[in-house]
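Construct all of the structure, not just a fragment, from the sequences and the given hints.
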Amino acid sequence: MLKMSNISKIYRTELVETHALRELDLHVEEGEFVAVTGPSGSGKTTFLNIAGLLESSTSGLYELDGVDVSQLNDRKRSRIRNEKVGFIFQSFNLIPDLNLADNVDVPLRYRGWSGAERRKAVGDMLDLVGLGSRQNYLPSQLSGGQQQRVAIARALAGKPRFLLADEPTGNLDSEMAGAVMKLLEDINAEGTTIVMVTHDPDLANRADRNIHILDGRASDVIPAISPNVTPLPERGVARV
Amino acid sequence: MFSYYIRLALTSIRRTPVLSALMVLALGLGIGAFMTTFTVYYLMSGDPIPHKSDVLYAVQLDNWDPNDDPTESASDVQPQLTYQDGQHLMNADTPAIRQVHMYGSDMVVVPEGDDPPFNENVRATYQTFFSMFDVPFIYGSPWDKRADDDHASVIVIGRKLNDRLFNGENSVGKSIQLNDGFYQITGVIDDWQPTPRFYHVDAGRRFSDSEQIFLPFTRAIDLVLGPNGNTNCWAPLDDSLPVIEAFLKSECVWTQFWAELETPEQAAAYKDYLDNYVRDQKQIGRFQRPLNTFISNVREWLVVNRVVTNDNRVLVRLSFLFLLVCVLNTVGLLMAKFLGKSGEVAVRRAMGASRQAVFIQNLVEVATIGVAGGVAGIGLAWLGLKGIENLYRGYQHLVHLDPVMLATAVCLAVISAILAGLYPVWRVSRQAPAGLLKAL
Ligand SMILES: Nc1ncnc2c1ncn2[C@@H]1O[C@H](COP(=O)(O)OP(=O)(O)O)[C@@H](O)[C@H]1O
Ligand SMILES: [Mg+2]
Numbered sequence: 001m002l003k004m005s006n007i008s009k010i011y012r013t014e015l016v017e018t019h020a021l022r023e024l025d026l027h028v029e030e031g032e033f034v035a036v037t038g039p040s041g042s043g044k045t046t047f048l049n050i051a052g053l054l055e056s057s058t059s060g061l062y063e064l065d066g067v068d069v070s071q072l073n074d075r076k077r078s079r080i081r082n083e084k085v086g087f088i089f090q091s092f093n094l095i096p097d098l099n100l101a102d103n104v105d106v107p108l109r110y111r112g113w114s115g116a117e118r119r120k121a122v123g124d125m126l127d128l129v130g131l132g133s134r135q136n137y138l139p140s141q142l143s144g145g146q147q148q149r150v151a152i153a154r155a156l157a158g159k160p161r162f163l164l165a166d167e168p169t170g171n172l173d174s175e176m177a178g179a180v181m182k183l184l185e186d187i188n189a190e191g192t193t194i195v196m197v198t199h200d201p202d203l204a205n206r207a208d209r210n211i212h213i214l215d216g217r218a219s220d221v222i223p224a225i226s227p228n229v230t231p232l233p234e235r236g237v238a239r240v
Numbered sequence: 241m242f243s244y245y246i247r248l249a250l251t252s253i254r255r256t257p258v259l260s261a262l263m264v265l266a267l268g269l270g271i272g273a274f275m276t277t278f279t280v281y282y283l284m285s286g287d288p289i290p291h292k293s294d295v296l297y298a299v300q301l302d303n304w305d306p307n308d309d310p311t312e313s314a315s316d317v318q319p320q321l322t323y324q325d326g327q328h329l330m331n332a333d334t335p336a337i338r339q340v341h342m343y344g345s346d347m348v349v350v351p352e353g354d355d356p357p358f359n360e361n362v363r364a365t366y367q368t369f370f371s372m373f374d375v376p377f378i379y380g381s382p383w384d385k386r387a388d389d390d391h392a393s394v395i396v397i398g399r400k401l402n403d404r405l406f407n408g409e410n411s412v413g414k415s416i417q418l419n420d421g422f423y424q425i426t427g428v429i430d431d432w433q434p435t436p437r438f439y440h441v442d443a444g445r446r447f448s449d450s451e452q453i454f455l456p457f458t459r460a461i462d463l464v465l466g467p468n469g470n471t472n473c474w475a476p477l478d479d480s481l482p483v484i485e486a487f488l489k490s491e492c493v494w495t496q497f498w499a500e501l502e503t504p505e506q507a508a509a510y511k512d513y514l515d516n517y518v519r520d521q522k523q524i525g526r527f528q529r530p531l532n533t534f535i536s537n538v539r540e541w542l543v544v545n546r547v548v549t550n551d552n553r554v555l556v557r558l559s560f561l562f563l564l565v566c567v568l569n570t571v572g573l574l575m576a577k578f579l580g581k582s583g584e585v586a587v588r589r590a591m592g593a594s595r596q597a598v599f600i601q602n603l604v605e606v607a608t609i610g611v612a613g614g615v616a617g618i619g620l621a622w623l624g625l626k627g628i629e630n631l632y633r634g635y636q637h638l639v640h641l642d643p644v645m646l647a648t649a650v651c652l653a654v655i656s657a658i659l660a661g662l663y664p665v666w667r668v669s670r671q672a673p674a675g676l677l678k679a680l
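Those sequence lines, one after another, are chains Z and P.
Going by this note's numbering, the residue at position 233 of the first sequence is 233; the numbering climbs one at a time, nothing skipped.
When you read off a place in the second sequence, starting at 1, and then add 240, the result is the number in this note's numbering.
A couple of the hints might just be wrong.
DEER-style ranges, computed between Cβ atoms [stated by the list, open to error]: (1) S143(Z) to R254(P): 41 to 51 angstroms; (2) L558(P) to H19(Z): 51 to 61 angstroms; (3) S40(Z) to R254(P): 31 to 41 angstroms.
For the record, the hints were derived by calculation from the structure and aren't laboratory data.
Even glycine gets a Cβ: it sits at the ideal position worked out from N, Cα and C.
So, in structure tokens, the structure goes:
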């Protein structure tokens with residue numbers, strides 16, 4: 001599904017060069033639920049942005065679904081992003097003056113679906129996250145957990161096969177975080193591949209596999225056997 | 241997708257009402273100022289009778305004081321003729337297809353019933369006037385040539401007067417009282433307002449209303465209707481004659497004279513005719529200046545009479561500069577506006593919007609602001625033109641923003657807005673979305 005080899009990302013400003021990713025190698029298989037952990041500033045978000053084609057790597061090879069995407073132009077990258085990738089952010093990033101239905105509708109507009117198709121998908125997704133009766137609410141009228149559920153509905157509305165979540169529970173209390181995690185697990189069970197950055201070890205342990213990013217390099221840690229199983233103690237760091 | 245973008249634009253405009261209002265105001269002021277000066281210019285420089293302007297010629301004969309400065313161009317010669325010269329040409333067999341000799345006056349209309357009498361502008365003219373100048377009739381027709389010869393008491397009236405006196409009904413054959421006589425209506429003309437009013441371009445009357453009453457010239461002279469317009473004399477009247485007769489035989493100029501000449505050959509022949517006429521007159525002691533006759537078609541006539549002044553052009557240029565300043569101002573406001581939109585743009589990019597899609601979406605927003613600015617500009621231009629109308633006499637037709645001008649205003653506003661928006665919109669569509677999402 002996702003295959004990165006030798007990916008480096010260097011941010012250059014006039015004063016400094018930041019090596020956000022250093023020769024990162026990483027695979028994610030179709031249908032996996034992968035949790036990415038690592039200290040702040042280690043390059044997790046950069047990795048997700050490159051994975052989701054929001055940014056290009058400075059060097060290295062990236063194949064998504066068997067297609068080399070590192071050299072595509074903006075229009076093609078945007079199309080792939082639109083069709084194959086869903087994003088969820090820590091701060092939800094709903095558009096404040098659009099109601100819930102219009103927020104969920106955003107990716108579908110760029111998909112070119114008909115009005116009827118879009119309305120159906122929007123309704124279905126909001127039902128799925130339990131907010132079907134609040135289509136006309138504004139994001140500000142919802143709690144954080146509800147907003148994140150709308151964001152998930154938006155990410156999934158176009159039926160992407162690949163969901164990228166950057167600390168999706170970071171701004172939520174543990175109860176809401178649990179509910180969002182449960183939703184992601186259900187979605188994964190339906191077949192969507194998920195890569196989730198998290199600081200929460202409990203949530204990380206519920207994933208199929210954990211990848212630890214440290215200083216721009218990835219390493220697999222503790223392949224969890226199944227969700228809800230207490231992980232074994234750390235077995236050492238192995239390059240993927 | 242376009243209607244989606246329009247909807248997003250309206251939402252976005254509502255989100256920042258103050259900023260949006262400032263932008264609309266900036267564009268509106270620029271467009272308003274420009275449209276005001278441009279409308280004045282456009283009306284002044286417009287061709288008042290496009291399909292005939294090259295066959296209608298105003299006639300000038302240089303009968304002026306021999307001690308005056310020499311004549312260099314038509315602009316140095318009086319724009320009007322003496323009564324005697326006009327009458328001679330009118331009654332002669334000239335090479336022109338048609339000619340008209342005329343002047344403006346006024347009379348008191350005495351309505352039937354209790355309505356009080358009122359003053360109305362009158363044009364004393366010949367029946368050729370209506371066909372030469374293609375005046376549109378709603379009822380009836382001009383009087384016939386016999387009426388001119390017979391000094392008949394007939395008139396053609398305008399739609400406004402017909403509405404006022406006859407509620408807009410067909411009044412042909414009816415008579416109305418003017419001063420102390422009765423005049424039979426032969427025709428009613430539609431609203432007819434050549435702008436500028438080329439056929440009589442006295443300063444201060446170039447943009448006046450066309451007359452509502454037309455009366456045979458011959459009858460008007462019998463009535464001793466005085467001219468309501470410039471009358472210029474350089475020699476004293478002959479005091480051995482009764483004053484009216486002395487005036488009609490004087491060198492005073494107060495009548496307008498036009499000839500319809502279809503081909504250049506005809507025009508040349510007509511000019512020769514005028515030259516020969518003046519040479520004959522020199523024999524009997526008139527026209528003591530060098531021979532100078534001029535014929536000018538309508539467009540030339542407006543130039544000869546400096547209907548469009550240099551001031552108008554300078555004003556149009558200045559207001560265009562002002563519009564540019566407003567556009568630059570709008571660029572700044574749009575930068576601020578789109579800075580606040582970068583978060584939303586990043587989200588849309590993450591959801592699959594291409595740079596191009598973002599660019600177009602925001603350009604639609606800018607164009608929407610432009611439309612609003614255009615409407616505001618039309619409002620301000622209307623006020624500006626009203627102001628000019630009130631300030632200067634004889635500019636009654638400026639607040640006549642025709643559809644062309646309205647469309648021009650809106651197009652200009654949209655183009656200005658898009659020009660102002662091009663750079664901010666390009667910037668916002670090039671922003672790296674990833675960095676902004678992290679910041680959110
Ligand atoms: N747009 C950017 N410009 C410059 N440096 C950046 C940019 N984005 C991230 N960085 C730097 O790259 C490194 C990795 O950042 P990030 O991927 O956000 O880490 P994480 O998500 O693991 O906290 C950090 O040192 C960060 O300061
Ligand atoms: Mg991060």
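Results for each hint:
1. S143(Z) to R254(P): 41 to 51 angstroms: Since S143(Z) and R254(P) have Cβ atoms about 25 angstroms apart, the given range 41 to 51 angstroms is violated.
2. L558(P) to H19(Z): 51 to 61 angstroms: holds, 57 angstroms
3. S40(Z) to R254(P): 31 to 41 angstroms: holds, 38 angstroms
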